[in-house]
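S.K.: Sequence:
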Amino acid sequence: MAGKPYFPPPPPRDSAPPAGDAGIARLLAPHLGVDHYIEVDRIIDNQMESPRDGSYAVGFYPDFDHPGAGGNAIFSAHETWNHFQGPFYQLNQAKAGDEISVVMGDGKQLRYRVFSNTRYQVDTMPMAEILWPSKRPPGEEWLTLLTCGGRIVYDDSGFGEYLDRDVVVAKRIS
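Residue 174, in our numbering, is where the sequence shown stops; the numbers in between run on with no holes.
Just so you know, these hints were derived from the structure itself, not from any lab.
Please note that the accuracy of each hint is not assured.
Below, a list of computed lysine to aspartate or glutamate pairs in the DMTMM-like style, where the Cα atoms sit at most 25 Å apart [to be verified]:
#1 LYS135 - ASP98
#2 LYS108 - GLU141
#3 LYS171 - ASP106
#4 LYS171 - GLU141
#5 LYS171 - GLU140
#6 LYS95 - GLU141
#7 LYS171 - ASP98
#8 LYS171 - ASP63
The task is simple: from the sequences and hints, build the whole structure.
M.R.: Here it is in structure tokens:
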């Protein structure tokens, strides 16, 4: 993709990932390079915590809906982390019709189909509508994935701040 700096994949893990919390084990979207374990994150002072294991974990926010409960389950992960690809490095390439699976702790897979991929400026993104979508039909279950994306402003250390966020939304199909 033109204009995006290259970040290599992170090195292999030295140990197995921790066991999943909240009964959710993994998030899978092979066509987007996503096969990562789930880390429970929280909302603190009205801010979404970022996954602490930035290279390997996808954050799940139990403050919102739970997968399988018929609402809008929220997940986030880094696009890049410490100059390596993060779990959502290719999320901006999601297309309508792509499938994403949530693997529960008991092995059951919940399947979702992407219907929206939107890039927002971080200072004008409609967070309330993203988290509690008014257009979600009653009883329809959604999965919302958030990551940094787009424009980056770098500082002297070589690290940067993303000015945009990518938001992918998928509807449960089974």
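S.K.: Next step is simple, just say for each hint if it's right about the structure.
M.R.: A quick look at each hint next to the structure:
| no. | hint | result |
| --- | --- | --- |
| 1 | LYS135 - ASP98 | holds, 21 Å |
| 2 | LYS108 - GLU141 | holds, 16 Å |
| 3 | LYS171 - ASP106 | holds, 21 Å |
| 4 | LYS171 - GLU141 | holds, 6 Å |
| 5 | LYS171 - GLU140 | holds, 7 Å |
| 6 | LYS95 - GLU141 | holds, 19 Å |
| 7 | LYS171 - ASP98 | holds, 11 Å |
| 8 | LYS171 - ASP63 | holds, 20 Å |
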